[in-house]
Amino acid sequence: MKQQRRMPRRVFIKGLASSAAGVLLAGCTRMDPPTYGNVLRMGDLFTYKAHRLLLRAHSLAREYDYSDISSVPAIGTTNPADPAKCGFFSDEYGPVYEQLLANRFTDWRLVVEGSVARPRAFSLDELRRMPSRTQITRHTCEEGWSAISQWTGVPLRAVLEAAGVHSSARFVQYYSYDDWADGIDMLDALHPQTILAYGMNGRDLPISHGAPLRLRVEKQLGYKSMKFLRRIVVTDYFDDNGSKGNIQNGWSWYAGI
Amino acid sequence: MSNHRGWVRVCHWLAAAAFMTLAVSGFLILMVHPRLYLGHAGNDLTPALLSLPISNNHRPDELHSRVIFTNVPGAPVTAERNYDIFNQNGWARSLHFLTAWILVAVGATYVAIGIVSGHIRSALLPRGRELAPRALLQDLKNHLRPAAGAIGTGPPYGLLQKLAYTSVMLVILPLMVATGLTMAPAVTASYPFLLDLFGGYQTARTIHFFGFASLVLFLLIHLAMVIATGFGRQLRAMTLGNQP
Numbered sequence: 001m002k003q004q005r006r007m008p009r010r011v012f013i014k015g016l017a018s019s020a021a022g023v024l025l026a027g028c029t030r031m032d033p034p035t036y037g038n039v040l041r042m043g044d045l046f047t048y049k050a051h052r053l054l055l056r057a058h059s060l061a062r063e064y065d066y067s068d069i070s071s072v073p074a075i076g077t078t079n080p081a082d083p084a085k086c087g088f089f090s091d092e093y094g095p096v097y098e099q100l101l102a103n104r105f106t107d108w109r110l111v112v113e114g115s116v117a118r119p120r121a122f123s124l125d126e127l128r129r130m131p132s133r134t135q136i137t138r139h140t141c142e143e144g145w146s147a148i149s150q151w152t153g154v155p156l157r158a159v160l161e162a163a164g165v166h167s168s169a170r171f172v173q174y175y176s177y178d179d180w181a182d183g184i185d186m187l188d189a190l191h192p193q194t195i196l197a198y199g200m201n202g203r204d205l206p207i208s209h210g211a212p213l214r215l216r217v218e219k220q221l222g223y224k225s226m227k228f229l230r231r232i233v234v235t236d237y238f239d240d241n242g243s244k245g246n247i248q249n250g251w252s253w254y255a256g257i
Numbered sequence: 258m259s260n261h262r263g264w265v266r267v268c269h270w271l272a273a274a275a276f277m278t279l280a281v282s283g284f285l286i287l288m289v290h291p292r293l294y295l296g297h298a299g300n301d302l303t304p305a306l307l308s309l310p311i312s313n314n315h316r317p318d319e320l321h322s323r324v325i326f327t328n329v330p331g332a333p334v335t336a337e338r339n340y341d342i343f344n345q346n347g348w349a350r351s352l353h354f355l356t357a358w359i360l361v362a363v364g365a366t367y368v369a370i371g372i373v374s375g376h377i378r379s380a381l382l383p384r385g386r387e388l389a390p391r392a393l394l395q396d397l398k399n400h401l402r403p404a405a406g407a408i409g410t411g412p413p414y415g416l417l418q419k420l421a422y423t424s425v426m427l428v429i430l431p432l433m434v435a436t437g438l439t440m441a442p443a444v445t446a447s448y449p450f451l452l453d454l455f456g457g458y459q460t461a462r463t464i465h466f467f468g469f470a471s472l473v474l475f476l477l478i479h480l481a482m483v484i485a486t487g488f489g490r491q492l493r494a495m496t497l498g499n500q501p
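Protein chains in written order, with the numbering used here: chain R, 1 to 257; chain F, 258 to 501.
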């Protein structure tokens with residue numbers, strides 16, 4: 001009898017331990033960034049949760065005056081078509097970008113798909129005809145520098161509404177011509193200052209700053225504001241984008257700090 | 258002989274470990290962009306208040322394809338940086354913030370117990386008459402010729418000791434937290450007064466650096482005093498406590 005009673009208890013404790021390990025390994029649910037048991041990623045997850053719990057969801061990042069606009073370096077990939085430049089060149093998308101650049105982006109399309117009612121591709125002209133927002137904001141790089149620029153674009157929210165986001169959608173993933181992948185949660189995606197920018201400081205977005213279209217996520221660090229966008233995918237669950245995403249490259253997915 | 262209380266010893270070593278981790282990770286973060294500025298914007302294309310020779314990441318001559326945004330003198334420009342830089346921020350930043358959470362938790366616990374138990378008031382805050390110039394001068398003189406045997410291992414603390422501990426715990430460390438939060442874009446969106454309080458993102462970063470420098474200075478003097486008054490017995494007093 002005793003023996004028999006002990007076994008289920010041991011199984012129970014084992015089950016408890018493995019589910020606790022599961023929480024540590026995988027994050028809390030498929031709604032959260034995975035930690036893969038890495039203590040630094042657990043810290044990132046804690047910061048993300050604390051920000052979502054403690055900070056005001058609808059607050060705006062500071063907007064500056066025209067006279068505050070500063071010089072700004074272009075770092076990372078400065079031309080996805082040029083393998084000679086430091087940064088990231090994709091054998092798959094680099095030549096495609098070169099073609100698009102040659103035609104002044106008339107053939108460029110932004111694909112919006114995933115958990116949406118009307119998946120579609122937007123041309124640059126279509127995006128320009130949508131409601132626009134112009135904001136003078138501070139780009140804050142994880143490296144420690146900052147720059148103030150004026151950005152003009154269409155709110156991501158308007159594009160998502162045009163595609164008809166399902167009510168089950170929780171994240172927005174985005175992909176670039178230098179073959180990066182990243183994502184934000186719906187709170188940041190629907191934020192009024194989160195825009196798909198085609199203009200910078202009163203002119204077309206320069207190539208080195210992500211032409212023809214880049215994201216601006218003003219409540220996070222610069223690396224979330226992806227340049228050279230090619231595709232947006234709405235998802236119901238968290239996607240760490242595998243080896244192309246931040247987490248598996250040793251970086252925090254959430255960069256509000 | 259005077260003694261450190263148990264909770265003081267636990268908090269001391271947790272805070273010491275957290276501080277060392279923050280100092281090293283913070284220095285690595287600084288190495289990635291070793292230039293300091295005032296105001297909201299500052300980068301490789303703008304003049305620096307202070308440029309530290311701790312990495313080779315700032316190479317203005319190697320920025321190319323310079324473009325001026327408007328045809329006005331002094332107008333903002335852009336230029337491409339196509340060289341590789343030293344950057345360990347992936348882990349250094351995450352480690353810095355994780356440790357900052359831990360130090361804030363330890364600090365809050367310390368201050369809470371310190372207030373409730375009366376430790377902060379009785380052992381750390383200087384009394385009015387201690388702050389007289391003559392008393393200050395006398396304590397300074399005492400520090401210049403320390404007599405190891407005569408000096409205790411815990412409270413009561415000397416005047417300069419009290420001032421050093423309270424300024425680190427109640428002024429500099431809270432300032433480090435506040436300037437650190439001012440560098441977080443999500444935090445300043447919710448609390449924009451932080452940007453005005455410190456005069457901008459880059460000013461907050463510069464204050465954060467000088468806070469770091471003063472904490473390192475404190476650590477060096479602290480260690481020198483520990484060594485001068487008997488390293489072994491001070492270490493024993495802060496770990497095991499004095500045995501009766």
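Rather than coming from a laboratory, the hints here were simulated on the basis of the structure. Model, not experiment: these values are computed from the prediction. Note that CB positions come from ideal geometry on N, CA and C, so glycine has one too. Just so you know, not all the hints are guaranteed correct.
To be verified - If the Cβ cut is set under 8 Å, some of the chain R residues that face chain F in the computed set are: (1) K49; (2) S59; (3) A61; (4) R62; (5) Y66; (6) S67; (7) S167; (8) D204; (9) P206; (10) S208; (11) Q248; (12) W251.
Claimed, not checked - If the Cβ cut is set under 7 Å, some of the chain R residues that face chain F in the computed set are: (13) L55; (14) V72; (15) G144; (16) L160; (17) A162; (18) Y237.
Unchecked claim - Quick list of simulated restraints, FRET-style, between CB atoms: (19) R:N249 / F:I372: 18 to 24 Å; (20) F:V281 / R:N249: 40 to 46 Å; (21) F:H321 / R:R30: 50 to 56 Å; (22) F:G456 / R:A57: 41 to 47 Å.
Against the structure, the hints:
1. The interface hint given for R:K49 is broken, as the beta carbon of that residue sits about 11 Å from the closest beta carbon of chain F, more than 8 Å.
2. Proximity of R:S59 to chain F holds as hinted, the smallest CB-CB distance being about 5 Å (cut-off 8 Å).
3. At about 4 Å, the closest approach between the beta carbon of R:A61 and any beta carbon in chain F falls short of 8 Å, and the interface hint on this residue holds.
4. Taking 8 Å as the C-beta cut-off, the interface hint given for R:R62 holds, the closest approach to chain F being about 6 Å.
5. Interface hint status for R:Y66: violated, as the beta-carbon distance to the closest one in chain F is roughly 10 Å, over 8 Å.
6. Proximity of R:S67 to chain F is violated relative to the hint, the smallest CB-CB distance being about 10 Å (cut-off 8 Å).
7. Given the 8 Å rule on beta carbons, the hint for R:S167 is violated: about 25 Å separates it from the nearest Cβ of chain F.
8. Proximity of R:D204 to chain F is violated relative to the hint, the smallest CB-CB distance being about 12 Å (cut-off 8 Å).
9. Hint status for R:P206 relative to chain F: holds, with the closest Cβ pair at about 7 Å, below 8 Å.
10. Because the smallest distance between the Cβ of R:S208 and any Cβ of chain F comes to about 5 Å, under 8 Å, the interface hint for this residue holds.
11. Given hint, R:Q248 at the interface with chain F, is violated; its Cβ is 11 Å from that chain's nearest Cβ, farther than 8 Å.
12. Proximity of R:W251 to chain F holds as hinted, the smallest CB-CB distance being about 5 Å (cut-off 8 Å).
13. The criterion of a C-beta within 7 Å of any C-beta in chain F is met by R:L55, whose closest approach is roughly 4 Å, and the hint holds.
14. Residue-level restraint check for R:V72 holds (minimum Cβ-Cβ distance to chain F is 5 Å; threshold 7 Å).
15. A distance limit of 7 Å between C-beta atoms decides the matter here; for R:G144 the minimum to chain F is near 3 Å, and the interface restraint holds.
16. At about 21 Å, the closest approach between the beta carbon of R:L160 and any beta carbon in chain F exceeds 7 Å, and the interface hint on this residue is violated.
17. Among the interface hints, the one on R:A162 is violated; its C-beta lies about 26 Å from the nearest C-beta in chain F, farther than the 7 Å criterion.
18. For R:Y237, the interface hint is violated, the least distance from its beta-carbon to any beta-carbon of chain F being 23 Å, above 7 Å.
19. In this structure the supplied range 18 to 24 Å is violated for R:N249 paired with F:I372, their Cβ-Cβ distance being about 44 Å.
20. A hinted range of 40 to 46 Å is violated for the C-beta pair F:V281 and R:N249, which are about 22 Å apart.
21. Between F:H321 and R:R30 the Cβ separation comes to about 45 Å, which falls outside the hinted range of 50 to 56 Å.
22. Separated by about 27 Å at the C-beta atoms, F:G456 and R:A57 break the suggested range of 41 to 47 Å.
Consistency note: the structure conflicts with the earlier hints numbered 1, 5, 6, 7, 8, 11, 16, 17, 18, 19, 20, 21, 22.
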